[in-house]
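Since the structure of chain A is provided, determine the placement of chains B and C on it from the hints.
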Amino acid sequence: MDQLVSQLLLGLVSGALLVLLALGLNLIFGLLEFINFSHGALYMVGAYVASYLAAATGSIWLALLVVPIVMLLVGAGLERTIIRPMYGRDQVDALLLTFGLTYVLIEGIRMIAGSGGRRVRAPELLDFQVPLGIGRPIPAYLLFVVLVVALVVGGLWLFLQRTDVGLVVRAGIRDHVMIRALGVRFDRYRTLVFAIGVAVAGIAGVLTGPITGVYPEMGADILILAFVVVVVGGMGSFWGAVAAGLLIGVLVSLTTLYASVYAGIVPFVLMILVMTFRPRGLLGAT
Amino acid sequence: MSAVPREGSAPPRTALLELQDVQAYYGLAHVLQGVSLGVRPGELVALLGRNGAGKTTTVKSIMGMVSVRGGSVRCDGRDVVGLPAEDVAQFGIGYVPEDRRMFPGLSVRENFRLAAIGARLPRGEQQDAQRRALEVFPQLEAHLDRDASRLSGGQQQMVAVGRALIGGRRLLLVDEITQGLAPNIAADLGRTLRHVADEGLGVLLVEQNSQMALELADQVYVIDQGVIVHSGDARELRADQSWMEQYLQL
Amino acid sequence: MRVTAALVASAALLVSACGGTVAGGGGGGGGASDEPLRVGVITGLTGAYVQLGEEQRAGAELAVQALDGMAGDRPIELIVRDDQLKPDVALREAQALVQEEQVDFLTGCVSAATTLAVNQIASQAGVPYLGTCQTEQLNRPPNYDPEVTYHLAPTPSQAIKAGSPFICGQLGQRVFLLMPDYAFGHEQETAYKNAIPQQSGCSVVGTAYFPLGTTDFNPYIPTIEGSGADALVFGGAGRDQVSFLRQAEQFGLTDRIRTFISIEDLTFDEELGFDLIDGTWAMAAFYWNVDDPGVQEYVEAFRTEYGRPPGGYGVYLWNALHLIAQGVEEGADSPEAFSEFMSGREVSLAQGEMTVRECDHQALAPVYILEGLSAEEAADRGGDPQFGLRAVVETVPGTEEYAPTCEEVQTEFQRAG
Chain A
1 MDQLVSQLLL GLVSGALLVL LALGLNLIFG LLEFINFSHG ALYMVGAYVA SYLAAATGSI
61 WLALLVVPIV MLLVGAGLER TIIRPMYGRD QVDALLLTFG LTYVLIEGIR MIAGSGGRRV
121 RAPELLDFQV PLGIGRPIPA YLLFVVLVVA LVVGGLWLFL QRTDVGLVVR AGIRDHVMIR
181 ALGVRFDRYR TLVFAIGVAV AGIAGVLTGP ITGVYPEMGA DILILAFVVV VVGGMGSFWG
241 AVAAGLLIGV LVSLTTLYAS VYAGIVPFVL MILVMTFRPR GLLGAT
Chain B
1 MSAVPREGSA PPRTALLELQ DVQAYYGLAH VLQGVSLGVR PGELVALLGR NGAGKTTTVK
61 SIMGMVSVRG GSVRCDGRDV VGLPAEDVAQ FGIGYVPEDR RMFPGLSVRE NFRLAAIGAR
121 LPRGEQQDAQ RRALEVFPQL EAHLDRDASR LSGGQQQMVA VGRALIGGRR LLLVDEITQG
181 LAPNIAADLG RTLRHVADEG LGVLLVEQNS QMALELADQV YVIDQGVIVH SGDARELRAD
241 QSWMEQYLQL
Chain C
1 MRVTAALVAS AALLVSACGG TVAGGGGGGG GASDEPLRVG VITGLTGAYV QLGEEQRAGA
61 ELAVQALDGM AGDRPIELIV RDDQLKPDVA LREAQALVQE EQVDFLTGCV SAATTLAVNQ
121 IASQAGVPYL GTCQTEQLNR PPNYDPEVTY HLAPTPSQAI KAGSPFICGQ LGQRVFLLMP
181 DYAFGHEQET AYKNAIPQQS GCSVVGTAYF PLGTTDFNPY IPTIEGSGAD ALVFGGAGRD
241 QVSFLRQAEQ FGLTDRIRTF ISIEDLTFDE ELGFDLIDGT WAMAAFYWNV DDPGVQEYVE
301 AFRTEYGRPP GGYGVYLWNA LHLIAQGVEE GADSPEAFSE FMSGREVSLA QGEMTVRECD
361 HQALAPVYIL EGLSAEEAAD RGGDPQFGLR AVVETVPGTE EYAPTCEEVQ TEFQRAG
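So the sequences go chain by chain: A, B and C. Residue 162 in my numbering sits at position 162 of the first sequence, with consecutive numbering throughout. Residue 216 in my numbering sits at position 216 of the second sequence, with consecutive numbering throughout. Residue 249 in my numbering sits at position 249 of the third sequence, with consecutive numbering throughout.
Only chain A is shown next, with the shape it has when bound in the complex (with noise of 0.2 Å):
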């Protein structure tokens, strides 16, 4: 029973991060209507510059609050370039350019910084267990992760839900022809979207830097996970990527204490099952 109670509440862990990716690939998509392959890699270069800052600094303290920043102009930087002509065009040629940018992220950061991995360490402050009367104790730098999770996916979501950006958003996932007739700038939106996706992205790479390292690869496994969590979860549904990201966490974790051979391909079997039983995803708009 312990065990049990430990594999679930580490793969809500492991969910928690795939769902941080989720959302922010999730809302690119459903706004700005193209898959962002550069997702993966931009969570990489999030975790580079954390890296960076915590070398520099000692602690990812700094990193979690400059980060978002730095990949929010990132991001817009990149929507207001080179994203922005992909508009109006098939959709295929947005998936393309976002996977060329993926390889040419890739191999920037490995001129700038190698190819081998760098070091990032959790918080000194952090760097104890964590009893919970039940399972065995957790990390509290997992803990922490969770609720880093927590604040964003709960601030993202107060977010879309009071403010006027988030109500263009809203509306602009449904029918961004209608609301650029009812007078919308939906251009600035589409930049403002794009940035905060590869903000969140960034913010699950500080996190993730001391868990797994930082490396140029990192996001390659990660974002095709991630797309499992939006097509499971339902694509442009917020609470179905949080919740599919935690599924799919769990799952894993189980499978992995029964039949670990299996593990791995735990969210594609949940994936096939999702698209042939219910193709809208779990919590997806009819």
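Computed cross-link-like contacts, DMTMM-like style, restricted to lysine to aspartate or glutamate with a CA-CA straight-line distance of at most 20 Å:
{"no.": "1", "chain 1": "C", "residue 1": "K193", "chain 2": "C", "residue 2": "D181"}
{"no.": "2", "chain 1": "C", "residue 1": "K86", "chain 2": "A", "residue 2": "D221"}
{"no.": "3", "chain 1": "C", "residue 1": "K86", "chain 2": "C", "residue 2": "E54"}
{"no.": "4", "chain 1": "C", "residue 1": "K86", "chain 2": "A", "residue 2": "E217"}
{"no.": "5", "chain 1": "C", "residue 1": "K193", "chain 2": "C", "residue 2": "E408"}
{"no.": "6", "chain 1": "C", "residue 1": "K86", "chain 2": "C", "residue 2": "E136"}
Sample of chain A residues facing chain C (criterion: CB under 10 Å; computed from the structure):
{"no.": "7", "residue": "G11"}
{"no.": "8", "residue": "P137"}
{"no.": "9", "residue": "L142"}
{"no.": "10", "residue": "Y262"}
Calculated directly from the structure, the hints in this document are not laboratory data. Ideal Cβ positions, reconstructed from N, Cα and C, are used throughout, including at glycine.
Okay, now just chains B and C, sitting in the frame of chain A:
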């Protein structure tokens, strides 16, 4: 054929909206082949025509939603061809699209707020904008926090018109408003539009329900195969309805 | 993708050009005996193991330098090609090396999948191939061709047989295996499940697999702990190792369950750093601070050129080039003569004392058991403050004891017909 406007016989200078010889395309299809019409303040203009005649395309060509490759669309005398929809809207134009286009998940209140954002009203004036819409459609007061896309067809249409009125302080473009509505609800909406025009707005009403439109309108244009084939004063056209058979095959 | 292909192609061109410059000055006028000796190196210069591939190239180039560019009277010419870790690319490149470049020898490889492809071409063309990946399959039927196939790296089972007495004797009797979910991981699992129960009182209490490139090892922690293991063998390499040890440390797993790394490499050690490596054990076929003149000759050459000690993959190429050069110098420049030269050959090169045994051309070299050090320990022992991350605690000599016996190999060959 005297009713077809001759080249250069422009509507009066005071026109809010003036289309001249508009040529519009969907891809390679040449949909509008020279449409000219005008709307003045306080005037309700009906654009009639069969399915596929080019009515909706005419409205979309005003909003910059189809590619106009010839002629001009003037708002307040300024050519808006090539401007994106969000800039055209800034001339005080409200657009009520065909099939209403509610945003699923957005409440009535949010629809109005969105329109206020689109009209670039300062935050403080968003409430006033909503109040104006509710003055026109007091029935919506009770449904302000409901998902607008789940309201009845008539209520949705009210939201669509109310929304358009927030930004459309000068001109409303109304596309097929009565489609799928019960006759009494359609008539109510029609009366509202007439009322709005009487208050001083220009209204361009695209309708399949020619009879109703004819009764509401000041001015009527008939479009067929992308060309205005008939036009005139609504009162005169009401008197002699033989043209209806000819152009609308009714 | 076309751009990638073009880049790879131009990189390959550059690489072969560089290879050319390594060629020794060599003596003047004609005669078959001082014709250049052309050695084709196929390794992964792009893809996941790019560092390992680069190191193999370095190992080969340094060997050529150390040999003054000569194999007897013949100047050595290296032609290096990238297999991108893909069997089809390896096949194509090996074909090109054999047909267009007319190489006399083939060597190199960092991934087991490509080594079989190269071996196939080598066998068809009758060009000796000195394989350098740790695989069980190269010198077993149906791949083994006694005319051309040699295997310089240890097979996983060889290393594991050598390492298991230490695991059971020093670390713990209840062993959990955490293995990467691909051929190499499954080969390791089989070998450990054979070797560990042979140690008295020792058993495998659980096995889990993780997909290659796993970044998230969190779910594995309670699985391992729940098994009741007191020792853990981690079979992943490279990035997986870094991710795993980092997370294991966060959970305090390595403090409670003694952790043994099946595959060690300095590149990743460096990234792990002293604090993650401290308190773990590992085994390797090569470690840079092994006290042996042959090892140190290579380490010095590498350090002079690159300012740091080598990892564990270049050594096979260094050895391969030395063996080739020595063979050619002794007149073994035909495949038959080389086979004769190699069979039963005892040399002392950069892995220490090594024998290439006759029955399957498998190199039998020592396996080093390494202890991870803390920065203070390393300093106390006068070790290298940056690279002295591990120290040898035991050297298991390369003998038949740890490989399948030639008899077993013969039975296998006969069974395969």
